[in-house]
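S.K.: Chains as they are written, first to last, in this note's numbering: chain S, 1 to 218; chain D, 1 to 242.
Quick caveat, the hints were computed from the structure, so don't treat them as lab data.
Just so it is clear, CB atoms sit at the ideal spot from N, CA and C, and this is done for glycine as well.
Worth double-checking, as some hints may not be accurate.
What the hints assert, rightly or not - Between beta-carbon pairs, the in silico distance windows are:
1) Leu217/S / Trp4/D: 28 to 36 Å
2) Asn8/D / Leu157/S: 33 to 41 Å
3) Glu40/S / Arg83/D: 54 to 62 Å
4) Thr152/D / Leu5/S: 51 to 59 Å
5) Leu241/D / Glu73/S: 47 to 55 Å
6) Thr152/D / Thr15/S: 47 to 55 Å
7) Leu58/S / Trp4/D: 54 to 62 Å
8) Arg230/D / Ala3/S: 25 to 33 Å
9) Leu58/S / Pro43/D: 23 to 31 Å
10) Leu70/S / Asn149/D: 29 to 37 Å
Chain by chain, the residues:
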Amino acid sequence: MIALLIRDLRLAFRTGGGFGLGLAFFLLVAVLVPLGVGPEGGTLGKIAPGILWVGALLACLLSLDRIFALDFEDGSLDLLATSPLPMEGAVAVKSLAHWLVTGLPLTLAAPALGILLNLPPAGYGWLVLSLALGTPALSVIGTFGAALTVGLKRGGLLLSLLVLPLYVPTLIFGAEVVKRGAAGMEVATPLALLAAITAGAAGLLPFASAAAIRVNLR
Amino acid sequence: MSIWEYANPKKFMQTSAWLLPWAVGLTVLCLGIGLIWGFFFTPDDYKQGATVKIIYIHVPAAMMAINVWVMMLVTSLIWIVRRHHVSALAAKAAAPIGLTFTLIALVTGAFWGQPMWGTWWAWDPRLTSFLVLCLFYLGYIALWQAVENPDTAADLTGVLCVVGSVFAMLSRYAVNFWNQGLHQGASLSMDAKENVSDVFWLPLLICIAGFVLLFIALVLMRTRTEIRTRRAQALMARERLA
Numbered sequence: 001m002i003a004l005l006i007r008d009l010r011l012a013f014r015t016g017g018g019f020g021l022g023l024a025f026f027l028l029v030a031v032l033v034p035l036g037v038g039p040e041g042g043t044l045g046k047i048a049p050g051i052l053w054v055g056a057l058l059a060c061l062l063s064l065d066r067i068f069a070l071d072f073e074d075g076s077l078d079l080l081a082t083s084p085l086p087m088e089g090a091v092a093v094k095s096l097a098h099w100l101v102t103g104l105p106l107t108l109a110a111p112a113l114g115i116l117l118n119l120p121p122a123g124y125g126w127l128v129l130s131l132a133l134g135t136p137a138l139s140v141i142g143t144f145g146a147a148l149t150v151g152l153k154r155g156g157l158l159l160s161l162l163v164l165p166l167y168v169p170t171l172i173f174g175a176e177v178v179k180r181g182a183a184g185m186e187v188a189t190p191l192a193l194l195a196a197i198t199a200g201a202a203g204l205l206p207f208a209s210a211a212a213i214r215v216n217l218r
Numbered sequence: 001m002s003i004w005e006y007a008n009p010k011k012f013m014q015t016s017a018w019l020l021p022w023a024v025g026l027t028v029l030c031l032g033i034g035l036i037w038g039f040f041f042t043p044d045d046y047k048q049g050a051t052v053k054i055i056y057i058h059v060p061a062a063m064m065a066i067n068v069w070v071m072m073l074v075t076s077l078i079w080i081v082r083r084h085h086v087s088a089l090a091a092k093a094a095a096p097i098g099l100t101f102t103l104i105a106l107v108t109g110a111f112w113g114q115p116m117w118g119t120w121w122a123w124d125p126r127l128t129s130f131l132v133l134c135l136f137y138l139g140y141i142a143l144w145q146a147v148e149n150p151d152t153a154a155d156l157t158g159v160l161c162v163v164g165s166v167f168a169m170l171s172r173y174a175v176n177f178w179n180q181g182l183h184q185g186a187s188l189s190m191d192a193k194e195n196v197s198d199v200f201w202l203p204l205l206i207c208i209a210g211f212v213l214l215f216i217a218l219v220l221m222r223t224r225t226e227i228r229t230r231r232a233q234a235l236m237a238r239e240r241l242a
């Protein structure tokens, strides 16, 4: 499992494209929104939590089809399927690798973009915490979507159609944490629910993803 | 004699051929009585005027939109567990019907909301969760269309339906948490203190029965079409091999 994780990370870093692209996209969202909405600090500060979460979510979505597509094309996914490692484990490792190269950098970069969007000072800690808790769920759910569409030739658009509705609860609770945190309100409830979604998704969805992969490799 | 006998396509075709005219006839009867009664022979509401009559389409469509998804969940689970092709085809046949019911509920709701709430759309939990349900239907249908091998498609959509059901429920509660409701609560429950007045209740009940029958008739029809398509494909495949 660790070998697989290291291999995936190495591939992500060295092949280029995937790793920096998500971050650049996130930055672009944070730049484009003020250009569209207008530069007033009050308005921007109000919508900043939502924009940052939606931006992180879309940036995450960008790299999803890479999770399995390359391995499917060169046949290493078949090798993984026949290896002693259960498919569920392989899928979980793939999700973890995806989170390490997209979710984690997004989480770390978010405060800087918060400044661009005039996020109220009280919100920064909650922004980082909510993204740290929520982006793993995005990666796991996205892996499920990628597993469903792995055999398809033009799966990219379908993948977003399948995955985005599944992102709804995570987005709502994640953005709610930041919104409440920025306004100085109690955040325990949405934070707990967000963590629950991540824990539930990480625990259960690899089974569904592995089932989908097995169907696709049949 | 067990219920699984109907999983045999031949038996299903026989039974559904017998059942279909009845379902269609009863649908026409129920919807005819319910809608005509509702539209022309019930009084206007003292506050809402004639717009109250949208209830005869809006409520049954909304109920069916959710129930169709539940039916798809059950048939998907039967396919995953017992591998009965008719079951998977029934789920496939039901999805566009469910999507249509969802859209009907959203559109009639907008027509009612414009004069009553003064807006076509509000980000109310019920409205929002219906919009999300609509997206789930779209994704499900798109996946069926995208995958070429019918068995693979049935498996993948089955898994998606199960996972989607969980997330649809989560979304329902998440949007409840996210915004306060503008939509009125349930007005047909058996145990509620305040229900819709008896004058509206009976024609509404008939309309709901009509929509259920409509769905049964449509899903039987579409499943029969799917089975015939599958047979035609099998014949063509045999032709090519010969």
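S.K.: Now look at each hint and say whether the structure bears it out.
M.R.: Comparing the hints with the structure gives:
no., hint, result
1, Leu217/S / Trp4/D: 28 to 36 Å, "29 Å, holds"
2, Asn8/D / Leu157/S: 33 to 41 Å, "38 Å, holds"
3, Glu40/S / Arg83/D: 54 to 62 Å, "60 Å, holds"
4, Thr152/D / Leu5/S: 51 to 59 Å, "29 Å, violated"
5, Leu241/D / Glu73/S: 47 to 55 Å, "30 Å, violated"
6, Thr152/D / Thr15/S: 47 to 55 Å, "29 Å, violated"
7, Leu58/S / Trp4/D: 54 to 62 Å, "46 Å, violated"
8, Arg230/D / Ala3/S: 25 to 33 Å, "44 Å, violated"
9, Leu58/S / Pro43/D: 23 to 31 Å, "51 Å, violated"
10, Leu70/S / Asn149/D: 29 to 37 Å, "22 Å, violated"
Comparing the model with each numbered hint stated earlier shows that hints 4, 5, 6, 7, 8, 9 and 10 do not hold.
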